[in-house]
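Let the hints inform the model, and build the full structure from the sequences given.
These protein sequence lines map, in sequence, to chains A and B. Counting along the first sequence from 1, when you hit position 64 you're at 233 in my numbering, and nothing is skipped either side. Counting along the second sequence from 1, when you hit position 58 you're at 77 in my numbering, and nothing is skipped either side.
For the record, the hints were derived by calculation from the structure and aren't laboratory data. Certain hints may be false.
As the list claims (entries may be wrong) - Between beta-carbon pairs, the in silico distance windows are:
no., chain 1, residue 1, chain 2, residue 2, range
1, A, 170, B, 23, 54 to 62 angstroms
2, B, 162, A, 244, 32 to 40 angstroms
3, A, 178, B, 152, 24 to 32 angstroms
4, B, 136, A, 209, 30 to 38 angstroms
5, A, 240, B, 197, 26 to 34 angstroms
6, A, 229, B, 44, 17 to 25 angstroms
7, A, 218, B, 199, 21 to 29 angstroms
To be verified - Among chain A residues calculated to face chain B with C-beta under 10 angstroms, some are:
no., residue
8, 182
9, 185
10, 190
11, 192
12, 195
13, 196
14, 197
15, 198
16, 216
17, 217
18, 222
19, 226
20, 230
21, 231
22, 235
Think of the CB as a built atom: it goes at the ideal place given N, C-alpha and C, for glycine as much as any other residue.
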Amino acid sequence: MTTEELKALSVDKLVDARGTACPGPLLAAKKAVADVQAGQVMEIISSDEGTKSDIPKWCKKMGYEYFGDIEEDGIIRLFLKK
Amino acid sequence: MSQEIENQVKLLEAQLKQLQERQAKDQVSIIVFSGDLDKVLAAMIIATGARAMDMEVKMFFTFWGTSMLRDKNKTAKGKDFMSKMFGMMLPKGSTKLKLSKMNMGGMGTDMMKNLMKKKHVASLEELIETAGELGVEINICQMSMDLMGFKKEEMIDYPHLKYVGVGTYLSDADESRVQLFI
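Structure representation (structure tokens):
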């Protein structure tokens, strides 16, 4: 998805994992996704660079659809559909 | 002819079943041999991360690794002289572990802990708690316990703790897709 498409997504669940280091964002995502219904969109905000590689791989493993990320000023926003 | 094919199909089915039973599970098996803070941290990060990835985790703590699982607030009675000596010389729990490098009489370890706090890296104690919540299984080598003179009543209250032998480790590792020795 393009940055514009990602920005236009309506997010059902927002996970703010800023300030936590590995494996914080991954654990936060795992915890939060339990409240998300299948087909809903979740956004993860992270300040940890590694999250950019981890979340797509996590999505693949869990069978979620990964949409992409937006990075601004060292803050990474990642989008996925359960 | 058809009887022959039927037999062959039966044979193949049996072989396929055998193969399926032998297939590794979505499971990580980690031996924690070290009692160094940095190495144990790595092990706990991998363990909690693996649970986030929906993988089963079986940790096997042996030799120096068992020190991490001692409870600093608990004591055990009825120890012989050597066990008491070992108990005094070995770190009493996760907070007492030292870095494998740059310990510098404890100064390096304290600096690292401060740095971790500053950079929002979870402490070993937090990771152990998270591991418990996530269902990471911790197995302790009973032989190491006996060797070091540790008793069950001085170990931490962890929700998924068991005392096992090498056979349990081997059986867990045999079923795991990922195996680590730390």
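>> So, as I understand it, the hint says residue 197 (chain A) touches chain B; can you test that by seeing if any CB pair is closer than 10 angstroms?
In response: 9 angstroms, holds
> Holds or violated: is there a CB of chain B closer than 10 angstroms to the CB of residue 216 (chain A)?
Replying inline: Since chain B brings a Cβ to about 9 angstroms from residue 216 (chain A), closer than 10 angstroms, the hint holds.
> Does residue 222 (chain A) pass the interface hint, meaning its C-beta sits closer than 10 angstroms to a C-beta of chain B?
Replying inline: 13 angstroms, violated
> Taking 10 angstroms as the limit, does the beta-carbon of residue 217 (chain A) come near enough to a beta-carbon in chain B?
Replying inline: 9 angstroms, holds
> Hey, does the residue 190 (chain A) contact hint survive, CB to chain B under 10 angstroms?
Replying inline: 4 angstroms, holds
>> Hint validation: residue 235 (chain A) versus chain B, beta carbon distance must be below 10 angstroms. Holds or violated?
In response: 14 angstroms, violated
> Was the hint right that residue 226 (chain A) lines chain B, CB cutoff 10 angstroms?
Replying inline: Because about 8 angstroms separates residue 226 (chain A) from the closest Cβ in chain B, which is inside the 10 angstroms limit, the hint holds.
>> residue 195 (chain A) was flagged as interface toward chain B. Is the shortest Cβ-Cβ separation under 10 angstroms?
In response: 5 angstroms, holds
> Taking the CB of residue 162 (chain B) and the CB of residue 244 (chain A), does the distance hold inside 32 to 40 angstroms?
Replying inline: 49 angstroms, violated
>> So, as I understand it, the hint says residue 192 (chain A) touches chain B; can you test that by seeing if any CB pair is closer than 10 angstroms?
In response: Given a least distance of 4 angstroms, the restraint on residue 192 (chain A) holds.
> So the hint says 30 to 38 angstroms: do the beta-carbon atoms of residue 136 (chain B) and residue 209 (chain A) match that?
Replying inline: 35 angstroms, holds
> Is the distance from the Cβ of residue 170 (chain A) to the Cβ of residue 23 (chain B) consistent with 54 to 62 angstroms?
Replying inline: 56 angstroms, holds
Going through the hint list in order, the structure does not satisfy hints 2, 8, 9, 18, 22.
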